[in-house]
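Respectively, the protein sequence lines represent chains D and C. The numbering used here numbers the first residue of the first sequence as 767 and each following residue consecutively. The numbering used here numbers the first residue of the second sequence as 767 and each following residue consecutively.
Derived from the structure by calculation, the hints contain no laboratory data. Certain hints may be false.
The list treats identical chains as interchangeable, and a pair is accepted whether it falls inside one copy or across any two copies.
Taking lysine-lysine pairs in the DSBU-like style, the calculated list, with each CA pair at most 30 Å apart, reads [to be verified]:
(1) K792 x K769
(2) K780 x K769
(3) K792 x K780
(4) K857 x K788
(5) K1006 x K792
(6) K857 x K1006
(7) K780 x K1006
(8) K853 x K769
(9) K789 x K769
(10) K1006 x K853
(11) K769 x K1006
(12) K789 x K857
(13) K789 x K1006
(14) K792 x K857
(15) K853 x K789
(16) K769 x K788
Protein chains: 2
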Amino acid sequence: MRKHITGFSNPTVKYLRSLRDKKHRKRSGQFLVEGLRLLEDARASSRVPQTLVMAEGRAHPLLERLEADVMAAGGDVIETTADILSKITGKENAQAVAGVFDEWDTGLARLDRSAAPIWLVAQALRDPGNLGTMLRTCDAVGAGGLILIDDCADPFSAEAVRASMGALFTVGLAQARWDEFLPWLRGGEGQLVAASLRDAVPYRGAAYQAPCFILVGNESQGLPEGYEAACDLRVTMPMKGRADSLNAAVAGAVLAYEVLAAVAP
Amino acid sequence: MRKHITGFSNPTVKYLRSLRDKKHRKRSGQFLVEGLRLLEDARASSRVPQTLVMAEGRAHPLLERLEADVMAAGGDVIETTADILSKITGKENAQAVAGVFDEWDTGLARLDRSAAPIWLVAQALRDPGNLGTMLRTCDAVGAGGLILIDDCADPFSAEAVRASMGALFTVGLAQARWDEFLPWLRGGEGQLVAASLRDAVPYRGAAYQAPCFILVGNESQGLPEGYEAACDLRVTMPMKGRADSLNAAVAGAVLAYEVLAAVAP
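Please put together the full structure from these sequences, using the hints given.
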């Protein structure tokens, strides 16, 4: 259905705005994707928004195609003012379009470990930018996806979606507690590898095996010792300076490219 | 000198708060560093703040040592309320301490290219988090430092300093226009390497030579064609997915670790 909204206090505006908040996203099971580029990425992965919100008077061939898709799927197309769009997204220079999507099932059971030689696993990853960057790295190395362990940032937050550059729509995503993940992993083939300083071998030339699950720890705490101990392989990267760790998304990517060269050259 | 400030409209509070803004940082030549951990990193690199601002009633052995250093160097120690600290830093849960430092000279002339086998060079890097992450990577791979080309994010912004995890204080930093950088580079030894899709060789096993300058382009535009053409070596990383690029800080790090293995194993 096509609607036109001009009032800030319209309930739809309030609802869309509430999706900036994780609590409301979890309650409604929906999230907001901002910008035509990301919406096109979603479309390329056959994901059509339930609702499309756009600034009045915008015309773009891609936008028209998107509108047609939304209408065909029985969704709503809402035209509104630039000010209201800014209010919804919380950004002064809001994108001219945003879409509301249903979140999808992120249970481990949906992953097919045989589908890819590499998987990224992040534990208690708190920064949504790092999370999105790791999704993007998954896409680049042909990883099956990202498995989020314990309390991580929300992969459906605007910042994570943006940092993923659309990879949220193309790579696998799962969320699990450690004590669900480990039995799942051990229920099939899979090598668990951690970047570690304890009892580790050099990351270059280590004996990686597909499917290889690369485990990266929390930004400030690193991995709990017990998690490291449960790994099949602990590898270390040169740290030539004063610090003893890399940014989490960087560590994951350096390892992922090394594993890629070993298992899928 | 030791001071106690309780008023929001105190000129010192206004000044400190103004340092959140790049324009004011450039005018005053000073920047703000938040948190005891970063201040300790600075101290380890013999950088003492001009002014230390701390929440009333905080006691910590490291903080006492820092206070003593600041007083010995003729600086100011300001005690204030948690609310005023929040106002200064713009964060609800402000760190209990912040320090004001003089920015330093970031001219190319200060760099000694023979000091390290690897350098990172970022062109038009807009995200301060990426910038700080690249400084952190410089520390990790033993790079001489980061050279910022054209209009980049401000390395002295709070977000860049925080993402650097203290590497701002330990690795080299320069800022230059491309037409200053290239003659400087060509005035001595140095191989310029770009991650590129055009006319590139695989990044693994490429003929890297120290000192190797790894050039990474803007987050959304990549490198201008002319900049790529000026490089001695163009390398490409596998991109197995839908996207054709990595996050800029990730690309720089994956390349830097590959170069490290080649030139300083």
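Against the structure shown, which of the earlier numbered hints fail to hold, in ascending order? Violated hints (numbers, rising): 5, 6, 7, 10, 11, 13; every other hint is consistent with the structure.
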